[in-house]
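Asks: Residue numbers (my numbering), protein chains in the order written: chain P, 1 to 340; chain F, 1 to 340; chain Y, 1 to 340; chain X, 1 to 340; chain W, 1 to 340; chain S, 1 to 340.
Be a bit skeptical, because a hint or two may be false.
Heads up, the list lumps identical chains together, so a pair's fine if it works in one copy or across two of them.
[As the list claims (entries may be wrong)] Derived DSSO-like pairs (lysine-lysine); straight-line CA-CA distance at most 30 Å:
hint : residue 1 : residue 2
1    : Lys330    : Lys151
2    : Lys161    : Lys219
3    : Lys219    : Lys119
4    : Lys3      : Lys119
5    : Lys330    : Lys161
6    : Lys119    : Lys254
7    : Lys119    : Lys215
8    : Lys330    : Lys210
9    : Lys330    : Lys3
10   : Lys210    : Lys327
11   : Lys151    : Lys289
12   : Lys161    : Lys151
13   : Lys119    : Lys210
14   : Lys289    : Lys215
15   : Lys3      : Lys210
16   : Lys151    : Lys327
17   : Lys327    : Lys158
Just so you know, these hints were derived from the structure itself, not from any lab. Remember, it's a predicted structure, so these values are computed and weren't measured experimentally.
6 protein chains.
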Amino acid sequence: MNKSFDLLALGEVLLRLSPPSNERLVRGETLQKQVGGAELNVVSGVSLLGLRTGIISKLPANDIGTYAKNRIRFCGVSDDYLVYDDSHDARLGVYYYENGAYPRKPGIVYDRMYTSINKIAVSDFEEELFASTRCFHTSGITLALSSQCRKTAVEMMKRFKEAGALISFDVNFRGNLWTGNEARECIEEILPYVDIFFCSEDTARLTFLKEGNAKSIMKSFTETYPISIVASTQRIVHSPKVHTFGSVIYDARKDTFYEEEPYRNIEVVDRIGSGDAYVSGVLYGLLSKPDDCQRALEIGNATSAVKNTIPGDLPSSDLREIETVIKAHKTVGPQLEMER
Amino acid sequence: MNKSFDLLALGEVLLRLSPPSNERLVRGETLQKQVGGAELNVVSGVSLLGLRTGIISKLPANDIGTYAKNRIRFCGVSDDYLVYDDSHDARLGVYYYENGAYPRKPGIVYDRMYTSINKIAVSDFEEELFASTRCFHTSGITLALSSQCRKTAVEMMKRFKEAGALISFDVNFRGNLWTGNEARECIEEILPYVDIFFCSEDTARLTFLKEGNAKSIMKSFTETYPISIVASTQRIVHSPKVHTFGSVIYDARKDTFYEEEPYRNIEVVDRIGSGDAYVSGVLYGLLSKPDDCQRALEIGNATSAVKNTIPGDLPSSDLREIETVIKAHKTVGPQLEMER
Amino acid sequence: MNKSFDLLALGEVLLRLSPPSNERLVRGETLQKQVGGAELNVVSGVSLLGLRTGIISKLPANDIGTYAKNRIRFCGVSDDYLVYDDSHDARLGVYYYENGAYPRKPGIVYDRMYTSINKIAVSDFEEELFASTRCFHTSGITLALSSQCRKTAVEMMKRFKEAGALISFDVNFRGNLWTGNEARECIEEILPYVDIFFCSEDTARLTFLKEGNAKSIMKSFTETYPISIVASTQRIVHSPKVHTFGSVIYDARKDTFYEEEPYRNIEVVDRIGSGDAYVSGVLYGLLSKPDDCQRALEIGNATSAVKNTIPGDLPSSDLREIETVIKAHKTVGPQLEMER
Amino acid sequence: MNKSFDLLALGEVLLRLSPPSNERLVRGETLQKQVGGAELNVVSGVSLLGLRTGIISKLPANDIGTYAKNRIRFCGVSDDYLVYDDSHDARLGVYYYENGAYPRKPGIVYDRMYTSINKIAVSDFEEELFASTRCFHTSGITLALSSQCRKTAVEMMKRFKEAGALISFDVNFRGNLWTGNEARECIEEILPYVDIFFCSEDTARLTFLKEGNAKSIMKSFTETYPISIVASTQRIVHSPKVHTFGSVIYDARKDTFYEEEPYRNIEVVDRIGSGDAYVSGVLYGLLSKPDDCQRALEIGNATSAVKNTIPGDLPSSDLREIETVIKAHKTVGPQLEMER
Amino acid sequence: MNKSFDLLALGEVLLRLSPPSNERLVRGETLQKQVGGAELNVVSGVSLLGLRTGIISKLPANDIGTYAKNRIRFCGVSDDYLVYDDSHDARLGVYYYENGAYPRKPGIVYDRMYTSINKIAVSDFEEELFASTRCFHTSGITLALSSQCRKTAVEMMKRFKEAGALISFDVNFRGNLWTGNEARECIEEILPYVDIFFCSEDTARLTFLKEGNAKSIMKSFTETYPISIVASTQRIVHSPKVHTFGSVIYDARKDTFYEEEPYRNIEVVDRIGSGDAYVSGVLYGLLSKPDDCQRALEIGNATSAVKNTIPGDLPSSDLREIETVIKAHKTVGPQLEMER
Amino acid sequence: MNKSFDLLALGEVLLRLSPPSNERLVRGETLQKQVGGAELNVVSGVSLLGLRTGIISKLPANDIGTYAKNRIRFCGVSDDYLVYDDSHDARLGVYYYENGAYPRKPGIVYDRMYTSINKIAVSDFEEELFASTRCFHTSGITLALSSQCRKTAVEMMKRFKEAGALISFDVNFRGNLWTGNEARECIEEILPYVDIFFCSEDTARLTFLKEGNAKSIMKSFTETYPISIVASTQRIVHSPKVHTFGSVIYDARKDTFYEEEPYRNIEVVDRIGSGDAYVSGVLYGLLSKPDDCQRALEIGNATSAVKNTIPGDLPSSDLREIETVIKAHKTVGPQLEMER
């Protein structure tokens, strides 16, 4: 079966506006203009690592929508499944982000209501969409945005599943979009369709009311639902500029857990999107070598760790860079400072 | 009667985002962050010229709203009558602006729907508001934003009028907010309360369906309604970077027209807000020397001409600068290149 | 016949580095990073106007090559036919450009020797390349870069011709790459394969030693060679910041000349790439409506005129913008300053 | 008694010019333009936290003075008591600041002599000034600037005291403005008027020649003079980019010391003004809840710690932010990385 | 006689701070950092054209003085005769400059009092200074700064004259430093030592109370004093962004006037220092070919015209560029747009 | 013997282009423009510390070469021995550098082949060159660039040696320019001429195949060759933003080793050029006080440690700063945070 894409994702594309370095939102005269969005971050990362990806979304039919489209192409993500909203109230969501420094946490202001993505419908797309990819990904954010988004996402999940695609889902719980109860109810409805499931331990406990140790929780999802892979990240925030990051993957098919040493004391430049970068690394691993969960985990951890070191939502690492990082991570003793 | 303010205005405050110099919205990585809004531009200009002003508006209770408040104070405009929207969907309107260069016109993308200003109500304010100013100003934009804005604006006009304030109104027709017919019907309803009326010749013809020459049109408004002053600007756009600007004022109390030589070949840096700067100059003139329409016109023309030469919506000229510009404008023959 | 691309072009991609606004190369601490190159500019323009295009080129297999690839995708140009040079001396050509202001002309420093494009060979590509496009374009610059480039370009022209593509060629004479004599000899060899020929009057006289009036010169090319279309631009440089631009197209099939009023007193922001933008407009016109040379000419003129108003080599206008410019250009009398 | 202001401060306003990030003063082409000054930093902080403040100062009557005034208003500080110097030699003091990084300390160049503040006199102000505030603050810097400044400051202290205001004083010893002996003699003269006294342990020892442990030193001031509150900060400079900060407050009325855990390993972005931010936090605390020294100390510590994380002299934290920081500081165990 | 320098000049070096493009001093957050000063501009221009020059000045012994020294060397001007002021009140003068745009004139704020240059004395230098140069230049600004500066300048003029140097003097009248009467009295005292005299027609009339036509005024100076060369510039300011510039030189030795067509409609980017650039061009001409006044005039006009097109006080044109400009200026008919 | 220069160095000057802060080469729109090069870094550092230095190099005769020359002068390095390449393929080498952050290493892309330095010949210079300096320095990079560079470097070493200059050589091994074997063979040929030899322990082991402990290795060089001084740096890279740096010097004349405590946990801003800064500090020490190796080592360590804290290749510390750093490094206990 020869599909055009390895991965398609459905999600909102946001304009991200940030003051430079440590300047604050309530002051200053310059904003960095970027795009982001959980699912876009994922496909962008997978594309950089070497697979063919596309984003399914709805953008306003104006210059800001065109800017978003241009950026999406810059990342190597296909714009074939972008649709445009030319109505009077078309808009792209915006979020404003400022960096933190201990003891000040990062700050974020969302202006993502009434956006064009909320008008997206399955009928915006040709039937052929569903047969065009090996894997479909979306996240809890898309489900939480509006009932129309949720309806479209659930319908798409089913249609992609029918067409033979793997379904990947990241819970990505956001307390400012819905409550834990709303999230749990909605997500439990879609878990029967999910093959690859991303859920942090905290979210499992607080949202899904799971108890027990982390690994038994991960396993429990695969017992209730026909999920093959559960991946769970562990982040320790020492300060806004220093994090430690690791993860565990459980492969239900082999009843095996995969782990490695976490990346300790990451020099964080911009933490946003590092969770999505993890998803992109794992999905790349699973889609390129389906049986090698250990490699998927290592690529996921490295992609996420590196993402923390660059500004913006979007990852910027190709496979060569990730392999270099993994190799250094595994090496004990003195290392080359840089290649020259 | 000792009032706290010389001028209060009701209107939307917008976040303005522009690429630097001639860069375009569909590209680039930096945006200049500023605030603007027709009525804010007016009170800001009047404040710089030396009177006490304030803005009546509703801002989101988040960092972007705080930024707008800080900027408003920077301009010397009081934030006493700003109210805050802390609801889930609070937002400040945004507009994106890029400069033009012949043969490319300036570009503008509005994202101003569903904004907090649309929740503003008379009940948001203490009764004392209405007695606190010598003059109240608003524009057609406020009327056009939503029925709630319109209701609040009309009610405020009446309340300020009752409390003895002069009422100033600028038609400021925006075709992307309402139709000419909607505008005419609405504005004709409020003209009975208006003392100082700003309306360009084009708008008078197209929106109010007036006929005849410019001056007779201006006069006709004062015959139908109890308007004292009608001011009408005349802009010739030679190219996005070269304009000529002049105006006519009609004083119905004296049945007299006031004019002067227009400013020719203005070196336009940023044209946005130059119409509002005109209003600010005229209002400053009329409020500081009510009987001197010629001076008001000259201050209005100079303030508008100078505004074109600086970036952003907001004027930045104090009275000393405006008087220097007027003096140079009236001087024939060689002039000092600069004071040093 | 269903081809994947409407237009493919062969040419060098350059890194362009420019000081901001009027700063000079011999000073300053910041450079704007962009990409350009005559043929890339052409396909980028055609892509923005709505057709499917790609660039055939060889980039170094390093971060600078990756940057160029990302930018190419940003423009909507396919990177399917980019090949990479991973040898020890792989490099992307660089050029440094500074703006002029009367009486100082713009300045340019080329550092484009020994670049990876000079290793490009027909054997770098699959056979399917030649059947994948409706039109192939290259310019005299590619022929002048090196004998290897020339050999590849000539061979490709023949192969694309055989496969049924239209062949488009822009003389684009550059005195610092070869002499007039070298250019004439080489180009006369390839003219038998050319369908659409871009050549300015000056170049026709100085390089091809043509005599007579401009139109007779244009026609003469079609008498000696099986060329269908000859397009010739006319630029008047009033100063580095003010140009007038027009053109003439001759359609040999109909023995007809097409013209329109030139764009007078263009407010030039960045003149580089405006000739390529012209080619892109004309090719878009001819490829989308082959029989409408007048429309092709108007799109070419507008695309070129507008390109002068934005920074960088690459155009940024879509069809909607070009149509707006054309409409305004044809309108007599007062026009809307901007849409709002 | 209903006073217009909660806090007025007398002090010099300086233009601060800094190279971006880690660039140095002896190189580079860009400077960040900001304003600062010990007393302005204090009132600005108090204003952000929610009280009504103003600055008493003298600015040059030129564009640089106007810039300073605009910035002061931006911070929410009243410009009612700014007076202007229109003499031939009017000037605003300037200081140049560059960040450090271990082993390079921060660098500072003062150009603050012959400035307009040195002409400030009590006679520049209306009598009503002295009755308009609940508290008056100044620092040793103002005393050290010149004999005229000292005379005005001492006279103002007495006049405000007579009018019923609390007097707050921060020693803020600067070795480049006067010697320890000069400072001690002058300050001992004004201590009889001081209610709230800020003095670090080091300064107490070196300037006031105090001996014994830190707490007994603090207490000793209240035994000699009718001081109610003594506050003393403790900063550990691990490196230019890592500080630890805490403080002790002694309330002589209750003979009680107040303390809390210091903020450890603050990620310092810009240390300038963090001492003033401490003063602002404590004064806000004492003026809003006069009996709650513990809360004043906690607000002071948090305001200072956070100030270190943002560029420029001036704080930018409102009460909501400070309360969030305090809450996090008191929380043991894992915390939310950021609200979203 | 083999001298180390072709030209030495005595004058103040200033730090120049300007907002970017058309931003204003009363707003904004960034300033461009440059150095300038009439005499430095002159020697810098001469050095770029190819002669050996140095500046005689006194700088503060701090980082700002070091920055100025570094910039001076950047321009190819020797720092051998810079002396340093390490006193408590050492300072470099600052001036703030903002660009104009019609109808707003450029703005300038000087903060140049109490600066280190005012302490400069002949005794700061070794005796060898006076024998080290072929020509010594200073301007009326140096005379006007303070009596100490004046004393040093007059003494130096005499000492350099004695040592065989040519003396060049530019009146450069600045109304904010002294009155016309003060200037005339002082300058008449030094004219007996002057060989090359720069004085505009306006200054000659207003300051020296000359009457008659421009040329007869120029000649009259040489009749009263032993001046060899009088050069007089003529600038027409059409607007802040468009100037016309030309000049006349009178050679008393040959009783001949030299002129050429002025540069019309110069596209002005930054006008500051263009008068000094003229002086540098003329001095370069006279020092490299003493008998060719026509060439000196042409180089002066071109150097000045070009200076207007670049930001900052300092010229940036070498001889090759100036010759290109002169050649283009003399050419009639179509010219190459740029070399490539 | 009175020589014009204390130190001359032969080496390539490179244009360095870096994205701001943590931005990446494959993205972004701005590059910082600087110059660097191992030997230029050395002479620049020595010049800042107070000796007279010059660089021997070949630059392209275009604006980029002029920029490099201007920057060289900015650093206080003489351009007397710069020669220019005006051939068709003249070019300045470029390198692109991006900062790292753990776990991402810094990135570097060299584009330094076919550059003008490779045409440099002894015959480009006058005979007097060789007698003009007390010391000559070059590095292994110069030897590795090309056979022509190597030939010129070796010849110059011999000629300078004959003329009585000390010869300083830094191995500076670069694996991307040559192999360890090539380096060893070449360097062993020139070691008979070297007086001061810089070689890290790693290079000694890997390239020169030395065995034993670090000190015995250092000593062994002096046993085989007539080397007086061997200096060896020790850098520990904790992360791209945290390094520890120290060194050892062996004086063969006294058979003594010199050491001090390393600088621990340096807050690295830009590591490039810190090795060259070490060389500059040691050479400054040895040239100013030839018998004081301990002081040379301390200056070297301090200069290198400080270089890490500033952006760009080039050091920016004068002797006063270095002495302050050394003093603080030797001080135990609390230190002044900054002088003010």
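Asks: It remains to establish, for every hint, whether it holds in the given structure.
Replies: Hints, one by one, checked against the model:
1. Lys330 x Lys151: neither (44 Å within a copy, 43 Å between copies)
2. Lys161 x Lys219: within (22 Å within a copy, 62 Å between copies)
3. Lys219 x Lys119: Classified as neither; 36 Å inside a copy, 49 Å across copies.
4. Lys3 x Lys119: within (28 Å within a copy, 34 Å between copies)
5. Lys330 x Lys161: Cα proximity of Lys330 and Lys161: none, with 37 Å in one copy and 49 Å across.
6. Lys119 x Lys254: Cα proximity of Lys119 and Lys254: none, with 41 Å in one copy and 50 Å across.
7. Lys119 x Lys215: neither (39 Å within a copy, 49 Å between copies)
8. Lys330 x Lys210: Cα proximity of Lys330 and Lys210: across copies only (28 Å, versus 33 Å in one copy).
9. Lys330 x Lys3: neither (35 Å within a copy, 48 Å between copies)
10. Lys210 x Lys327: between (36 Å within a copy, 28 Å between copies)
11. Lys151 x Lys289: Result: close neither inside a copy nor across copies, 32 Å intra and 42 Å inter.
12. Lys161 x Lys151: Classified as within: same-chain Cα gap 15 Å, cross-chain 51 Å, threshold 30 Å.
13. Lys119 x Lys210: Neither: 34 Å inside a copy, 42 Å across copies.
14. Lys289 x Lys215: Classified as within: same-chain Cα gap 23 Å, cross-chain 50 Å, threshold 30 Å.
15. Lys3 x Lys210: Close neither inside one copy (38 Å) nor across copies (55 Å); limit 30 Å.
16. Lys151 x Lys327: Neither. Shortest intra-copy (43 Å) and inter-copy (40 Å) distances fail the 30 Å Cα cut-off.
17. Lys327 x Lys158: Close neither inside one copy (39 Å) nor across copies (45 Å); limit 30 Å.
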